[in-house]
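Visitor: The lines below spell out each chain.
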Amino acid sequence: MTTPMLLVSAFLTLLGAIVVLMAMIGMVRFPDVFCRAHALGKGMTFGLFLLLAGLWIDLGREAVGLKIVAAIFFQFLTLPVASHLLARLAYRKRMFRVGVTEVEPPAVEKKTPGH
Amino acid sequence: MIDGILTLSFLVLVVAMLLGFYRLARGPTVVDRVLAFDGVVLCAVSMTVLLSRLWETPLYLELILIVSSLGFFGTVALVFYLDRTMPDDGHDAGVETEQEREEKS
Numbered sequence: 001m002t003t004p005m006l007l008v009s010a011f012l013t014l015l016g017a018i019v020v021l022m023a024m025i026g027m028v029r030f031p032d033v034f035c036r037a038h039a040l041g042k043g044m045t046f047g048l049f050l051l052l053a054g055l056w057i058d059l060g061r062e063a064v065g066l067k068i069v070a071a072i073f074f075q076f077l078t079l080p081v082a083s084h085l086l087a088r089l090a091y092r093k094r095m096f097r098v099g100v101t102e103v104e105p106p107a108v109e110k111k112t113p114g115h
Numbered sequence: 001m002i003d004g005i006l007t008l009s010f011l012v013l014v015v016a017m018l019l020g021f022y023r024l025a026r027g028p029t030v031v032d033r034v035l036a037f038d039g040v041v042l043c044a045v046s047m048t049v050l051l052s053r054l055w056e057t058p059l060y061l062e063l064i065l066i067v068s069s070l071g072f073f074g075t076v077a078l079v080f081y082l083d084r085t086m087p088d089d090g091h092d093a094g095v096e097t098e099q100e101r102e103e104k105s
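Protein chains in written order, with the numbering used here: chain A, 1 to 115; chain B, 1 to 105.
Note that these hints are calculated values from the structure, not bench results.
Heads up, the beta-carbon is just placed ideally off N, CA and C, and yes, glycines get one too.
Possibly wrong hints are sitting among the right ones.
[Unchecked claim] Computed cross-link-like contacts, SDA-like style, restricted to lysine to any residue with a CA-CA straight-line distance of at most 25 Å:
#: 1; chain 1: A; residue 1: 42; chain 2: B; residue 2: 87
#: 2; chain 1: A; residue 1: 42; chain 2: B; residue 2: 37
#: 3; chain 1: A; residue 1: 42; chain 2: A; residue 2: 28
#: 4; chain 1: A; residue 1: 67; chain 2: B; residue 2: 66
#: 5; chain 1: A; residue 1: 67; chain 2: B; residue 2: 6
#: 6; chain 1: A; residue 1: 42; chain 2: A; residue 2: 8
#: 7; chain 1: A; residue 1: 42; chain 2: B; residue 2: 77
[To be verified] Looking from chain A toward chain B, a few residues come up when the C-beta cut is under 10 Å (computed):
#: 8; residue: 6
#: 9; residue: 22
#: 10; residue: 33
#: 11; residue: 40
#: 12; residue: 54
#: 13; residue: 79
One chain only, chain B, in its complex shape (with noise of 0.2 Å):
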């Protein structure tokens, strides 16, 4: 039954982790991008601490702080570099803006 308990929480999981990569492919924006990879990131640490728990061992601590931390600071830069990078107004980002919306109509 535990066994079963597992086996369920693992297909949830991989359930989620779709669902991540479907909002990295198709995102509008970078900043939705980059919330996905994250999301996919923080799924593949949830793998983690399932296999840790599957087979009984403290061994994988490790491995979870450090991806975790990777996932962490990946997203820090990526905002640093884009905040430096993309127009003020949200132009080439994917979205719609005011003034676009405007000039349609």
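So here's chain A without its partners, still in its complex pose (with noise of 0.2 Å):
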């Protein structure tokens, strides 16, 4: 392990802590339950990224082979699914902030097939 690599590493594990405070920043901060999965869905995937992205330079690819490219993989399938799931089901229970998000009929069926 050469120090350069170390030092970049190091960067990015330290850049995704921060974006990782950064979305939930704005879990914290934002007024609406839509905006709020926005953070989390795009926040939480670039900052899990980058810390995996730290992870897989520093064990280097002898060590974990193509294990750590499905974790990141699995990363981006799952969390902005996650997100839209639950802006999807706000929207659905019409959770509007009064005065801000323009009520109109809703656009999806009542009841979906399947459950």
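Got two chains here, each in a separate frame; can you build the complex from them with the hints?
Guide: Okay, structure coming up:
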């Protein structure tokens, strides 16, 4: 392990932790369910990607193989889906902030088929 | 220096997790709480990544995958449960709906 790669890895780790902190600050400061889902979906995905990239650089390709790529792919697959599901639930249940979001008739059907 | 950077990142993640707990206790609606719980689980996953970085072992990758998938499936199960049980107009959700606002004024 050469020193510049170690420094790059430490920088990526610190940057990922700061991005995760920014996502959670957005969770606290934003006024709405939709804004909070936005902050969580984007910030957490990018922060975990940076942290896992730093771990990949630090451990080296021989030690972890493709497993960490699978972890990154899994984060990119699931986190936006979870935040989109929550925002869609809030939209279906019409949890709009009064006076800010225009309340329209629901564009989705009442009951989705299947449940 | 590397150890100092890792300790600083760990402190930053602890602050992020405390903010998530604040939103989990405070959040006005159920959906806010589910979002905050998802955030807290992901902060725990980030801490696991940092521990794996600190101790130079790839053994925790399975733990990262399992814990994050548990958080995801828990969120999906809660969303489907809430979709069935919550009333349609956001009533009882802690959000002031349009009707309640009109009644108040």
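Visitor: Which constraints among the numbered hints does this structure fail? Numbers only, ascending.
Guide: 1
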